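What follows is the residue order along each chain.
There are 2 protein chains.
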Amino acid sequence: MPADTFDVLPLLRPDLPPPAIRWNGSPEFNLVGGHNDADSVPVDGLIEAATRALKREGRTLSMYGLHSGPLGYRPLREFIARKLERDAGIRCTPDEVLITSGSLQGLDLVNGVFLSPGDTVIVEDMNYAGTLSRLKRCGADIVGIPLDQDGMRMDALEAALADLARRGVRPKFIYTIPTVQNPTATVMSMERRARLLELAQHHGVPIFEDECYADLTWDGVRPQALRGMAGDDRVVHIGSFSKTIAPALRVGYLVASWPLMSRILALKTDGGTGALEQMVLAEYCSTHFDTHVRALRKTLRHKVDILMDALRHSFGASATFEDPAGGIFLWVRVPKQVDTSKLAQVALQAGVAINPGAEWMTDAEVGRRWLRVCFAHPEEAVLRNGVARLAEVCRREFDVPAAAGGVHR
Amino acid sequence: MPADTFDVLPLLRPDLPPPAIRWNGSPEFNLVGGHNDADSVPVDGLIEAATRALKREGRTLSMYGLHSGPLGYRPLREFIARKLERDAGIRCTPDEVLITSGSLQGLDLVNGVFLSPGDTVIVEDMNYAGTLSRLKRCGADIVGIPLDQDGMRMDALEAALADLARRGVRPKFIYTIPTVQNPTATVMSMERRARLLELAQHHGVPIFEDECYADLTWDGVRPQALRGMAGDDRVVHIGSFSKTIAPALRVGYLVASWPLMSRILALKTDGGTGALEQMVLAEYCSTHFDTHVRALRKTLRHKVDILMDALRHSFGASATFEDPAGGIFLWVRVPKQVDTSKLAQVALQAGVAINPGAEWMTDAEVGRRWLRVCFAHPEEAVLRNGVARLAEVCRREFDVPAAAGGVHR
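If you're matching them up, the sequences are chains A and B in order.
Going by our numbering, the first sequence opens with residue 22, and the numbers climb by one from there.
Going by our numbering, the second sequence opens with residue 22, and the numbers climb by one from there.
No lab work stands behind these hints, which were simulated from the structure alone.
Treat the hints loosely; a few may be bogus.
Which copy is meant is left open, so a pair is good if it fits within one copy or across any two.
[Stated by the list, open to error] Listed below are the simulated BS3-like cross-link pairs for lysine-lysine, each with C-alpha atoms no more than 30 Å apart in a straight line:
1. Lys357 <-> Lys157
2. Lys76 <-> Lys104
3. Lys104 <-> Lys319
4. Lys363 <-> Lys157
5. Lys319 <-> Lys76
Just so you know, these numbers come straight off a predicted model, no measurement behind them.
Required output: the full structure, derived from the provided sequences and hints.
This is how it looks when you write it as structure tokens:
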């Protein structure tokens, strides 16, 4: 035992994730993260909403849970229930809606009630990095199912479920992002949704449906949610205001019936989700949500057009992608000689941040051919110049042709 | 496998806590919970702060972490660093402050980096129920140290540490609420603080210091924090705005140096703490914190006087307590024949909610002689009538004398 001091670090638990890296500000060309368009934040509307809500019931901030109890601010739950019925075909009462601190907390809570180490879960093989990292931390065995333009492939799911059944494994759930899938930005067809429910039913496996991007299809139409089609807790549904209003407001929600909700709620020991944000969102959204999101979709569509144009211009045939169905990111495939994990590091030194595909796929090796580019936050010039800079790095590091057809090779 | 549906519940992990109980509104006499005085919520100040902050930088809500990175909104961290130096003798930079979603998240993060199942922790034997339940869920062996009016008893701590050392056990940390301890509302003396640091040093055990009530001593003076005396990560410090501004704003903070902070931050995978609440707090507190808290302390002192008066009036010698050093709760001892766990149930049926002591002590059996009464939220009449109602229940159920000296027995 040392005389003057001792080191605390050896006392930490041995299985911690790697330490965080110091944040040094945003890179010059920030093409990562779920950030959104800055000009689209409805600042005046939020000020008005905050003023009105606080004047009316600011005193209730003196109570944990306001006057609404642990599920969250009741007017916000009422708005969500109405909206989910209208837009997603989900029938639920406000008491079947839990306000969460972002949909990330929804992920943690659902993982928390279902998963013990060694449990099996099924996911789309291209997937949200935050889901994959969480499932790994839970010690889950992750089975990845390939996607195509209509979402998760049901032939592959059927085969995987049959294979697991043969081995006596009953997965805890099938996690899916059916509408504007992350990172592929595809929308699962209605036929596949029906088939997914059949397969899940047949194998007795619940579905965990994450629809945090579902309001952002370009035409504003979203297919009925799986939760709506099933009508009960065979589908647990989560969503968020991060992508439609602002990500720094940490407000999401979860839909479940009381028998399951009561188990989930017992894990939500956080003293409630931030009440001011809930009040402001309820106040703002009840009158402005639709108008706001309609305009936001247009802005995002414009930005993805710029991004796709920039990619075609700077990469030519060396970057392939599908026109996304909505959302805030583009999933891009690059030639074989590029390792996007290495590219991400080198590009960052050149001021360009991208998401390397290895973190976004269940098979990290395959992911090295892919990268995710987020287009909602960067201004037009940042998108264009960031892509140009990225193409330069690709050419320099991996000998990738600079424009269409390899003209510059 | 059933034909039409299947039950999801058998798929849940087997070791979940009991399901949550449905919330049915607040009881008539709500004498539990960390709620605060409703009239003291600075509603106008918060509206002004929200307006100013949103006007100036509302657009930054489009980014996770605003422009401040994962530690939280920088102006709030700057305010906290200044305040901690002035009021608690803690020298830290804003980059050694992490904004958390209430101090509850601080508890989760510190437990999370230190504790594996089977680890030993030392705590004050009368303690915050939320800390005890968390430690139990982490699978910790909890060693309780008795307190007196000067806080944790150092003779008992010394003996416990020596005993553990003999058995080859090095505790992961000593958790303490030194200033306005929960539930005893005592303040640890400076002599004890110095001795605590010595003992911790000698045994190589870090201290986990929870000062979420420390701004609420009646005279506004708080002794130097243990973190300030130690100057490094041998003491991890957490605090909160829940008790000084409003509990429903879920904003707390944690102080640690980078080597430890980088490990803690890696566990904070929530996409940041609610940004609007951080912005509003930073804006409001930088100019109004001191004035506000000075007035709040007076209000709370007035309310505890009413509570103590009501207890003397209705219970006489049957309820004993010490005049608290500050805070929002009173820790009350009742005669032997009363079981406060049973009392809490019966009283709730009569409309009075109290905290039974069994949940607030490491030795639950001893706790059955104690109860915690929260006085910040209830109005004067609710305090008086709630205590009268509680006394009635006590008399009826446990044959407790109704007033001083057992006159009514």
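30 Å Cα cut-off: does Lys76 pair with Lys104 within a copy, between copies, both or neither?
-> both (26 Å within a copy, 29 Å between copies)
Are the CA atoms of Lys357 and Lys157 at most 30 Å apart within a copy, between copies, both, or neither?
-> So Lys357 and Lys157 pass the 30 Å test inside one copy only (27 Å; across, 51 Å).
What label fits Lys319 with Lys76 when the C-alpha limit is 30 Å: within, between, both, or neither?
-> between (34 Å within a copy, 24 Å between copies)
How do Lys363 and Lys157 come out at 30 Å by Cα distance, when the copy is not named: within, between, both, or neither?
-> within (22 Å within a copy, 43 Å between copies)
Given identical chains, is Lys104 near Lys319, meaning Cα to Cα at most 30 Å, within a copy, between copies, both, or neither?
-> Classified as within; 21 Å inside a copy, 45 Å across copies.
Every hint, counting from the list given before, is met by this structure.
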